[in-house]
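In order, the protein sequences belong to chains U and S. Throughout, the working numbering is defined as the position within the first sequence, counted from one, plus 152. Throughout, the working numbering is defined as the position within the second sequence, counted from one, plus 35.
Bear in mind the hints are in silico, worked out from the structure with no lab data behind them. For every residue, glycine included, the Cβ atom is placed at its ideal position computed from N, Cα and C. Take these hints with a grain of salt, some might be off.
Rough simulated footprint, nothing fancy, chain U against chain S, three-plus residues with beta-carbon under 8 Å [claimed, not checked]:
hint, region
1, 70-79
2, 149-163
3, 333-345
4, 349-356
5, 446-452
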Amino acid sequence: MARSARALLTTIGLAALAFLLSSCDVGGLSPIFPDPVSPNGKGIYDTYVGISVVAIIVFIGVEAALLWVVLRYRRSRQPAGYMPPQVHGHTGLEIGWTIAPLIIVLAIAGYSFVELQKDFQPISNQEMTVKVSGHQFGWDYDYLNGVVVHQEGSLAAEVTPFVVPTNTLVKLQFDANDVIHSWWVPAISGKTDAVPGYDNFSWLKIDKPGKWRGECAELCGSGHAQMQIIVQAMDKSDFEAWMAKQKATTASSSPSPS
Amino acid sequence: MATTVLPRPKQYDDTFFKPISIWLTTTDHKLIGIMYMVTSIISFVIGGIFALIIRLQLSQPNLKLVDAETYNQLISAHGVTMIFFFVTIFVTGIANYMVPLMIGARDMAFPRVNLLGFWLIPVAIILYYCGFFTGGSLNAGWTGYTPLTEKAFNHQTFGVDFWALSIIVWAISGIMASTNFLTTIVALRAPGMRFSRLPLFVWAQISTSILLLIVGAPLAAAMILLEFDRQLGTQFFTTQGRPVLYQHLFWFFGHPEVYVMILPAFGLISEIVPVFARKPIFGYMSMVAALFGIVFLSMTVWAHHMFTVGMNTYVEGFFMLMTMLIAVPTGIKFFNWIATAWWGSVEFTVPMKFVFGFLATFLIGGITGIYLASVPVDTQLHQSYFVVAHLHYVLFGGSVFAILAGIYYWFPKITGRLLNRTLGEWNFWTVFVGFNGTFLIMHTLGLEGMPRRIWTYANPAWATTNVIITISSFLIAFSILVLLINVVHSWGHGEIAGNDPWRGNTLEWATTSPPPPYNFERVPPVRSFMPVRDLRESGELIEAEPVLTPT
C-alpha cells in the first residue's frame, strides 16, 4: 500500500508540474515561443500549437495506461496465486496500433508540409532586400544602397540594432565569410544558417515597432555567445529618417572619389 | 538424471580481482564484456563530471567559472564521451556478455577479433583525451562541424586531429564487433534455437549490428577526408569547398547512431517486462518487424538535422515524413510492452522500476521528436535547449534508464550476487526526480530562445530555470554515486543470488552465476523463445551446481 501511495504522490507531483508549465508565463518558464511579430513566425507558432493538441492527448493517454498498469496490475494488488493469462498477441490490436500512429503522423506531416510551402518558399515580391553576413563574431547588414550596419558581437546587454521598417516585406539573404553561423530571432521566425559558399534566405514583415532579441545558434568559436542580435522595427517615416542619417554618415566617412 | 560437474578453472572464481594477465589476454566473451562495461562506466563518470562543470558555469548569467575556449572543449568532450565511449560501449559490452549465453553458444564466433575490438576502445579513448594534454581538445561540439574544425579556424592545437583519429579507431572497433555479433548469431545458435525463437535482445543486437556495419564506414570516411583537409591541404569541407557535405556524411552516421544506442535498450526492455509481468511478450513477430522497420527508416532521415541550411522544401518534406514514420514502429513496440504488462502480475523490482521509468520518460522524448521532425517548428527549436532536452530524454531517459535496468537485472548473473535493493530504490527515485528536474524544464529555455553551446548568457529571464536545472543535475550525480557504491559493495558482499533469482525465460538463466568459461555444461533443449521457462514448467530444469555458497 505504501508503495502505491508513493507512486500516486509522484504522479500528482508530476501532473502539478505539467500544469504549472502549461499555465504560467512568468518567471521564465514558458511552454511556447514568444508572441510572433512576423507572419512566418505566426505560421510556425500555429503549427506548434496544432501539434501540441495531438501530442498532449497522446501523452496523457499513454502515461495513463502506464499508470493503470502500475496501480492495477502490480503483484500486491492481484489475488494470491494469480496466474496471468498467457496471451501471445492479438493481430487486430497490433494492426490497430500500427494504423493509428500512422494516421496521426501523416496528419501532422501534411499539416507541417502546408506551412512549409506557405512560409519557406523563395520569395520575389519583396519591397526591400538586406544581405546578412555572419563572421567571427558579429553580423553585417548590407542594405544594398551603400549603407551597412555592423552589429559587432558583445556580451553586453545591448548591441547595435539591425533596423527595418514595419509592415514591409524584407528579404534577408544570408552569407558567411569564415565558419557557419545561424541567425535566430525567436519572435520573428525560425533559424536560417549562414554557410560560407551557400545561398540561403529568409524574410520578415514585422507588424509593429519595437525591439526583438536573438542570438547566433550555430557554434562558431570562442565568441559564439557574443553574437547577439537585436532587430529594431520602426514606422516607415522613422525608418526613412534613420536611413537618411546613415547615408549621410557613410558619405562623410568614406573617402571622396575625386 | 545425473550430470557431471566439470572442475572450474581457477580464473573463474567469482571475484573481479583476477591476475592482470588474465584480463589482458582473455578471449572469453564474458570477461571482455565486463571490460567493455567497466570501461564505459569510467567514461560515464568522466563525462558526468564534465556535465557538472558545464551546469555550474550556466547556473547564473555572466558567470566566468571557465572561459569560452575551455567551455567549448568541455561540451565537446561531454558529448563524445557519453555517446561514443559510454552508451555505445556499454550496450556492446552487455551484448558481448549476454548474446552467446542467450543463444546457447560457447563463445563469440571470432574470440580474438573480439579481443582486438575491445582493446581498440581504450586506444580510442586515450587518443581523444590526448587533446587535453597537448594544449586543447576538440572545441567544436561532438558533431565537429566544418569549417570550424578546419585548419584555417582551428590550427592552434591538435584537438581536432586527436578526435578524428579516435573516431576512426572507434568505427573500426564497432565494425569488428558488429561482424562478430552477426556471425555468432547466424552460425553458433544452439540446437532448436531457430530465428523465430531468438530472444528479442538478440534480435535487437542483429538490427544494431547491421546498422553499425552500414553507417560506421561513412563516419570513418568523413573523418579521413577531414584529416586530408587539415594535413594534406585538400578542400573537401573548407570554406572554398563544401562544408554541408560534411554534415551529410556525419549525420548519415549520426542519426542511425541514435538507434545503435536505443535498439539494444529496446531489446533489454523486451526481456525484462515479460519476466516480471509473468506473461510472454505481446506480439513477438511485430516486435521483430518493428526493429527492422526502424533500421530501414533510420537511414532515410539524416537531413532532419539540417533543416536550417536551406534545402529544397520538397527534400525537407521527404525527410520530415520519413522521420515522423519512425513513430510507427516505435509505437508498435511501446504498445506491445504495455500490453505485455496488462493483466499481468507485475512485480516492481528495481529493474522493473527502471523499465517503467524508461517508458514514462522515453515517451516524452518520442513526442518532442515529432515537434523536431516538423520542418517549420524545427527551424525554431533547432540548436536550442529544446533539442538538448529532447536528446537527453531519448538518450538518458531512454538508453541510460534501460542500461540501469539491465545492470540490476543481469548483475546477479554476472557476479552471482544481487545488488542491494534499498540502495537500488534510492538510485531509482533520485535519478528519476533528478532527471526530470533537469531536463523537463530545459525545454522552456529553448522555446524562450536560449541557444545550446553558449558558454554564458546575459539574459536574466533564463536565470531561475538554469539554477533549478543545475541543482537537479547534482541529484543525478548523487544517484549515480549511490549506484557505484551499490555495485562495488555488492560485487564482494551482496546477497547470494543463485542461478535464477528472477525466474527468467532465456537460456542465460539455465547456467550458473557467474557462468563457467564454457557457458553450459549441457545446452538445454530449446522449444520456444522462452526455453528456460518451458523447462521449469515441464520439470526438466536441472539446477546447475551453484558457484557461490553462503559463508
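Violated hints - listed by number, lowest first: Failing hints, ascending: 1, 2, 5.
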